[in-house]
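K.L.:
Okay, here's what each chain looks like letter by letter:
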Amino acid sequence: MYQYDKYDQTMIDQRVAQFRDQTRRFLAGELTEEQFRPLRLMNGLYIQIHAPMLRVAIPYGLMSSNQVRKIADVSRRYDKGFVHFTTRQNFQLNWPKLEDVPDILADLASVQMHAIQSSGNCIRNTTSDQFAGINANEIEDPRPWAELIRQWSTFHPEFAYLPRKFKIAVIGTKEDRAATQLHDIGLHLVKNHDGEIGFEVLVGGGLGRTPIVGQVIRPFLEKKDLLSYLEAILRVYNRLGRRDNKYKARIKITVREHGINHIRELVEAEWVQIRSQLELADGEIERVKSHFTTPDYDKTAAEDETFEAMLAEDASFARWVKQNTVEHKQAGYKGAYISLKAHGEAPGDVSSEQLEVIAELADEFSLGEVRSTHNQNLVFADVKQADLYALWLRLEAEKLATPNMNTLTDIICCPGLDYCGLANATSIPLSKQITERFGDLDYLFDLGDIKIKFSGCMNGCAHQSVGHIGILGVDKKGEEWYQFTLGGSSDENATLGERLGKAIPKEEVVDTVGHLLDTYVDLRHEDESFLATVRRLGIDPFKERVYADN
Amino acid sequence: MQIIKDREIVEDNWVHLDDDATLISGDITVSLARWQEQHEALVKHDGRLGLRLSGDDPLEEIIPDLAHFSLVVLVFPAFTDGRCYSYAKLLRERYDFTHEIRAQGDVLHDQLFYMSQCGINSFELANPNRMAYALKAFDDFSESYQSTVLRPEPLFKRR
Numbered sequence: 001m002y003q004y005d006k007y008d009q010t011m012i013d014q015r016v017a018q019f020r021d022q023t024r025r026f027l028a029g030e031l032t033e034e035q036f037r038p039l040r041l042m043n044g045l046y047i048q049i050h051a052p053m054l055r056v057a058i059p060y061g062l063m064s065s066n067q068v069r070k071i072a073d074v075s076r077r078y079d080k081g082f083v084h085f086t087t088r089q090n091f092q093l094n095w096p097k098l099e100d101v102p103d104i105l106a107d108l109a110s111v112q113m114h115a116i117q118s119s120g121n122c123i124r125n126t127t128s129d130q131f132a133g134i135n136a137n138e139i140e141d142p143r144p145w146a147e148l149i150r151q152w153s154t155f156h157p158e159f160a161y162l163p164r165k166f167k168i169a170v171i172g173t174k175e176d177r178a179a180t181q182l183h184d185i186g187l188h189l190v191k192n193h194d195g196e197i198g199f200e201v202l203v204g205g206g207l208g209r210t211p212i213v214g215q216v217i218r219p220f221l222e223k224k225d226l227l228s229y230l231e232a233i234l235r236v237y238n239r240l241g242r243r244d245n246k247y248k249a250r251i252k253i254t255v256r257e258h259g260i261n262h263i264r265e266l267v268e269a270e271w272v273q274i275r276s277q278l279e280l281a282d283g284e285i286e287r288v289k290s291h292f293t294t295p296d297y298d299k300t301a302a303e304d305e306t307f308e309a310m311l312a313e314d315a316s317f318a319r320w321v322k323q324n325t326v327e328h329k330q331a332g333y334k335g336a337y338i339s340l341k342a343h344g345e346a347p348g349d350v351s352s353e354q355l356e357v358i359a360e361l362a363d364e365f366s367l368g369e370v371r372s373t374h375n376q377n378l379v380f381a382d383v384k385q386a387d388l389y390a391l392w393l394r395l396e397a398e399k400l401a402t403p404n405m406n407t408l409t410d411i412i413c414c415p416g417l418d419y420c421g422l423a424n425a426t427s428i429p430l431s432k433q434i435t436e437r438f439g440d441l442d443y444l445f446d447l448g449d450i451k452i453k454f455s456g457c458m459n460g461c462a463h464q465s466v467g468h469i470g471i472l473g474v475d476k477k478g479e480e481w482y483q484f485t486l487g488g489s490s491d492e493n494a495t496l497g498e499r500l501g502k503a504i505p506k507e508e509v510v511d512t513v514g515h516l517l518d519t520y521v522d523l524r525h526e527d528e529s530f531l532a533t534v535r536r537l538g539i540d541p542f543k544e545r546v547y548a549d550n
Numbered sequence: 001m002q003i004i005k006d007r008e009i010v011e012d013n014w015v016h017l018d019d020d021a022t023l024i025s026g027d028i029t030v031s032l033a034r035w036q037e038q039h040e041a042l043v044k045h046d047g048r049l050g051l052r053l054s055g056d057d058p059l060e061e062i063i064p065d066l067a068h069f070s071l072v073v074l075v076f077p078a079f080t081d082g083r084c085y086s087y088a089k090l091l092r093e094r095y096d097f098t099h100e101i102r103a104q105g106d107v108l109h110d111q112l113f114y115m116s117q118c119g120i121n122s123f124e125l126a127n128p129n130r131m132a133y134a135l136k137a138f139d140d141f142s143e144s145y146q147s148t149v150l151r152p153e154p155l156f157k158r159r
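Residue numbers (full-length UniProt numbering), protein chains in the order written: chain A, 1 to 550; chain B, 1 to 159.
If you are wondering where the hints come from, they were derived from the structure by calculation, not from laboratory data. Owing to the predicted nature of the structure, the values given are computational and were not obtained by experimental measurement. The reader is advised that the hints may include incorrect statements.
[Said to hold, decoys possible] SDA-like cross-link-like pairs, simulated, lysine to any residue; straight-line CA separation at most 20 angstroms:
id, chain 1, residue 1, chain 2, residue 2
1, B, K157, A, R275
2, A, K246, B, K157
3, A, K224, B, A78
4, B, K157, A, K432
5, A, K246, B, P77
6, A, K432, A, D449
7, B, K157, A, I274
[As the list claims (entries may be wrong)] Okay, the calculated bits of chain B under chain A, using three or more residues with CB under 8 angstroms as the criterion:
id, segment
8, 76-82
9, 85-96
10, 138-146
11, 149-155
[Stated by the list, open to error] Chain B is faced by these chain A residues, among others (derived, beta-carbon under 8 angstroms):
id, residue
12, A160
13, Q273
14, S276
For every residue, glycine included, the Cβ atom is placed at its ideal position computed from N, Cα and C.
Start from the sequences and build out the full structure, keeping to the hints where you can.
P.N.:
Here it is in structure tokens:
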């Protein structure tokens with residue numbers, strides 16, 4: 001993975017010093033809350049209901065085992081001994097003290113981590129595919145490009161006070177595990193007719209109150225022009241984006257109001273003026289790529305016979321392998337999920353003890369690296385098949401091996417009313433109830449691929465509008481109600497879900513999920529997924545079952 | 001009054017003329033509206049001329065007139081309004097404006113570094129009492145990854 005040189009390290013060290021001084025001035029009354037707010041947000045610091053929340057960036061989801069150990073250490077030293085992984089591959093501390101934050105950032109900087117631009121109206125952490133570099137059918141590894149974007153976007157002086165937040169995701173496969181079509185900019189590495197690799201550039205996707213699927217602004221961009229094109233889009237947005245209404249300030253609204261063709265004209269006109277100045281030299285591309293070379297894989301890994309033997313011998317192991325591991329481009333290797341969706345636990349939460357075990361397992365079994373995913377789980381990307389059984393036993397002992405990836409209980413959930421100052425309704429307790437009620441593994445496997453996404457307010461941090469089943473908490477005269485949507489998807493066929501009907505009271509949420517599942521089981525064709533069934537039949541049969549009593 | 005200019009605290013004598021104020025001699029700045037209405041009188045004005053622009057004003061329309069101005073004042077109605085960062089950068093890099101570019105309005109210590117990298121070289125701080133301490137802000141970072149007005153070669157071309 002990328003290693004800082006003296007430039008990178010100096011800049012994050014200077015950032016810590018800058019924020020230390022800003023915090024001091026705020027505590028001394030020299031900065032008002034209003035003046036301090038954007039400064040702390042650009043260091044990931046929110047003030048929540050019970051305590052501050054600190055969101056730390058994990059650039060494109062990549063962590064070394066040493067970084068994971070430091071996260072464990074920080075969570076124990078400054079917080080309650082657990083952290084929460086987010087849908088944008090970052091993690092959050094939910095109970096730090098404001099006055100400790102400069103020290104936390106200094107500790108993180110010692111292992112090349114930071115909270116820079118993890119919130120605020122600026123360019124956020126660039127996200128990517130958790131299986132980058134290990135896909136057999138990858139067009140090109142997106143990680144060097146994500147790193148180049150990280151550097152370009154970090155402390156960009158012109159784009160620190162944008163109309164609204166700005167998120168970029170980049171992938172190198174046709175399959176989309178990073179929800180790129182729902183980002184302000186989505187970048188897809190593609191091959192053109194001449195066999196050259198470049199980027200398809202999408203703009204104007206987003207979730208939140210007004211979910212919109214992104215549109216292609218440029219079907220093919222040469223790789224060396226990546227930064228100049230991004231700069232052109234950002235400059236057009238910085239000037240044109242609305243500043244009169246924060247709910248209409250995202251670039252998705254700018255694109256909708258002006259039309260993609262007009263935006264394209266403006267961007268292309270800007271781009272031709274700055275293209276040569278920001279052209280990426282081959283040397284720099286190679287420098288960054290040299291941090292993401294193919295590891296020295298064991299070419300004999302596939303000769304192992306113990307893996308097949310253990311699959312036959314241990315049904316629980318076989319179930320985990322089927323559900324929680326993925327194919328790898330190197331024969332004899334697999335990618336393995338670490339499920340942060342143990343039934344009855346808060347989705348995405350992990351304790352400092354678990355993190356320490358994860359770091360140890362990474363060193364032992366996966367080349368010392370761990371990755372975070374858009375679905376709030378973790379991944380070991382390079383595990384030899386011969387090691388999978390030993391790895392599984394250790395994960396199982398830590399409650400990190402629930403074989404539920406991409407099933408009903410692999411729920412994406414925001415912190416909700418229990419933690420978040422914006423939320424209208426609780427989400428985590430209901431999500432726990434859902435996993436407890438429907439957690440029977442045979443039932444889960446029978447249901448197959450179902451994505452539930454659960455947000456506690458219309459800001460939609462859990463992306464409910466692209467859940468196969470989306471659940472949105474709303475406030476009705478001080479009571480918590482829940483709005484269901486069906487048929488959404490954030491993959492390469494991104495679709496917004498359709499509203500099921502009127503909102504449902506809190507005590508009926510879990511039963512409603514049950515009604516939806518029963519309807520699916522009754523009406524599905526053989527091997528038809530939940531999403532395919534909803535798309536074939538529409539929402540009416542589901543609606544009839546759910547609202548039958550009214 | 002005192003301002004920060006080129007990283008020093010200096011006395012400043014520019015007068016920012018309201019649209020309904022009588023034209024006086026000496027160094028004055030005017031709004032874009034006044035410039036457009038009283039263009040001919042202002043050109044004959046005895047003293048240097050400056051133009052005040054906000055993010056609402058159409059930058060490109062004023063470019064043919066730039067030669068008349070010894071100062072462009074970029075007005076920040078709120079420090080969170082980042083449009084004029086782009087204006088400053090464009091004035092310097094695309095339209096070759098070499099005279100003073102000044103930030104006015106909600107101009108605070110913690111935005112000075114980014115503003116200066118975008119080509120703004122003078123600052124009327126919202127809180128003039130903290131001007132001396134604010135001079136530190138120009139050294140918040142010793143490097144930038146990007147191509148900035150102060151360092152046109154992006155870091156990736158210098159590594």
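K.L.:
A separate judgement is required for each hint: does it hold in the structure or not?
P.N.:
Cross-check of the supplied hints:
1. B/K157 to A/R275: OK: B/K157 and A/R275 at ~14 angstroms, within 20 angstroms.
2. A/K246 to B/K157: Distance ~37 angstroms between A/K246 and B/K157 Cα, so the pair is violated.
3. A/K224 to B/A78: The given pair, whose Cα atoms are some 36 angstroms apart, is violated under the 20 angstroms limit.
4. B/K157 to A/K432: 51 angstroms, violated
5. A/K246 to B/P77: OK: A/K246 and B/P77 at ~16 angstroms, within 20 angstroms.
6. A/K432 to A/D449: Roughly 19 angstroms between the alpha carbons, so the hint for A/K432 and A/D449 holds.
7. B/K157 to A/I274: This hinted pair holds, its Cα atoms lying about 15 angstroms apart.
8. 76-82: Coverage by chain A holds for the segment 76-82 of chain B (4 residues, Cβ < 8 angstroms).
9. 85-96: Per the Cβ count (4), the hint holds.
10. 138-146: holds (count 7)
11. 149-155: holds (count 3)
12. A160: 5 angstroms, holds
13. Q273: Given a least distance of 7 angstroms, the restraint on A/Q273 holds.
14. S276: Not OK, violated: A/S276 not within 8 angstroms of chain B, min 11 angstroms.
Figure legend: structure checked against the earlier numbered hints; hints not met, in rising order: 2, 3, 4 and 14.
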